[in-house]
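Chains X and A supply the protein sequences, listed in that same order.
Going by the working numbering, the first sequence opens with residue 404, and the numbers climb by one from there.
Going by the working numbering, the second sequence opens with residue 159, and the numbers climb by one from there.
All clues stand as given, with none of them false.
Short, incomplete list of chain X residues facing chain A, as computed with Cβ under 8 Å:
(1) T469
(2) L472
(3) N590
(4) I593
It should be emphasised that the hints constitute simulated quantities derived from the structure, not laboratory data.
Just so you know, even glycine gets a beta-carbon here, dropped at the ideal spot from N, CA and C.
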Amino acid sequence: MNTWDWSAVSDFMPYFWDGLLVTLRILVLGSVLSFALGLVWALGYRTTTRFVRWPVNFITEFIRNTPLLVQLFFLYFVLPDWGIQFSAITTGTVAIGLHYSTYTAQVYRAGIDAVPVGQWEAATALSLPVGRTWTAVILPQAVRRVLPALGNYVIAMLKDTPLVVAISVLDLLGEARQQGGLTFHSNETITVVGIAFIVIAYPASLLVRALERRLVR
Amino acid sequence: MTPGLWQHWVLPGIWITVQLTVYSAVLAAVVAFGIGTARTHHSRVVRFLAGFYTEVFRGTSALVLMFWIFFVLPNLFGWALVPMWAAVLALGLSYGAYGAEIVRGGLQAVSPAQREAGIALNFTPWQRLRLILLPQAVPEMMPPFSNLLVELLKGTALVSLLGVGDVSFAAYLVRLATQESSQIYSIILVIYFVIAFVLTRGMRALERKTRANLGLTATGGAR
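Bound conformation, chain A alone (with noise of 0.2 Å):
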């Protein structure tokens, strides 16, 4: 392989695909947390929404679903997206669907006595939420969190098959340049798991950040 390979397709493919981890699993943050407190709502209404959008979000193909914004959005309404952002909507929006169960999971998780607390307390919902429940139901929902954002990161690789020069499409361009697929595609594949174990360590730290502010060592119980 050439070095002009590397430092023309492979270095910033690489680049772009950290860059659409962290975007979607901003946007899939934002929608997991919106989704998942909704799910958890008094009112019936915004728990069936909310629950229709995640059963569709869930039951569609991520693929499918960015081909549908990249090629039938644009003929339906006139409007495109540039392949990134529309990568980054399809992959948010769908893995959102999967942290907001996981949201919802860690929610209901939190003892029911703590909700009552607050409410004696005269907390608002909104205040019950944010410095009761979601302090306690974080740490909860981070490994599987880490989980999703491992599935996240390799959902990125989809977005070479609309055109987006990530790691992969360039693996794509490496080879039909240099004919050498095993060479080209085991590098591209290191380079993935590599990714991976720098987000699973990362998460790691976070969690016990967030478990170290509720008092909690990182395997458990009171320290």
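Chain X with its partners taken away, still in its complex shape (with noise of 0.2 Å):
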């Protein structure tokens, strides 16, 4: 048992900086994977053939049901065998975006269904075409509406960043238990990182929430 000390906090510091610029940049790059790769399961649950429709609900439901962090270590020890070699940075990336594509689906889902038949008909009645229709009309107004559930998605999968440790990225927490651990005050630089994240999460969510207002009103 060690006594708290504040100069392992500031001896941290630099260290601290190196992982907040790498789960950011996790955060950053998975967000927009996510965003990207959950429009097009959404799209996708849209299709009038079978042979699209239910490969994609499968697919999704089954990444929806499984853990993130085995996934994780799934992309990372399986797909070398097939000969796709990643860096953990860039695993840990498609990890984070990949699960969380599968919950901005069910957003996108909801978005769409939100558009009201009318405009739909005024799409058809317009006699545009099927990409028009989706480009000009259907997603300009269902993003529009989804934009504070897709940034409530962007806090979690902040918060699921810290997963990256387990194929040794050296994110904000990683850096926290190599330093931690080099030092021996890993009290210090835990209670750190985790205090950081609250003070990134909670503006976020109040954030989030002024949006919501905004766009409902």
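Relying on the hints, combine the two individually framed chains into one complex.
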């Protein structure tokens, strides 16, 4: 049992920033991936061919109902067997993006369903081609509605980024573990990282709530 | 994969995952109902404290919390938890915070007239909660609770990082032993999927049952 030492916190700071950059990088790229892929899944749910719809349904349900950690290991250890080699950070980003794409897909689906039928009919009446109907009429309305819900998943993703320590990425938690282990001050480093997550996540959730109020109005 | 690995690691691992899910879910339910009802309490202080709890535990990462409970608590206070219980504590406390929001939403969704009727009948606050509000709110809470339970199940995989021998940890050992990653990790994913499927079906049945108690059908509306 060792006592609390504030100097350990300041010693940790340079590594803290390194870790924060890695965490944010995974978060931003993972979010972009999940937003894009989620839209693909959501369009897949709407297709009229069963041969597309069923596999999409099954794949997304499967990903949603299995742990991110195991998927992370799966990608990290299995892909090289198939001759695909990603760096640990990329694997982490892909795993988080893929996992959360199945959640954003549900969000998009709800958003698309919420677009009034009249909008579809209007597009038909103007004889817009299918592609234009989606890009010019349906999606702009659907996406605007679901922005706050997507924001919630960005916060959820933020809190899942520490999982990448499992494949030894030096993100915030990774740096805290490593520096804490080297200096025997894990108490301070892990606590600082825990507080950092609250400091980032809480204002972010307030922001999402404000956005929600503005868009609903 | 040899039968020995199955018998000594994977099967006990599944059992540990199930146990972790059950214990954490019980703790999370207690926290959720406690904090959730506290958030509808008439005293501002109680509401604030409950809100503070929710924000802290929702705001931090379950994994960081788990590491904190496992590595920092023993150093600071000189007592350590068995990894299994550290994990249950971390999962129960953080998922309980999410559950509290569901409970709060459910309670607030009950029509105010029901609360007023309880007051008119001279029920105590506790009686109102137990006899009027909860029976009507619980069926509404079931679908989001079902989602949360699957989230919790997936959260249990984190404990393998603390060295608890759950099914994810078993997968890790099997991979080290056999060097065949694709096989074992595919199996493990399917195992989680099956458990999640059983959980959602169970919750669906529970939802029907709680709704039936109110004389409602599963899809809503009176019978």
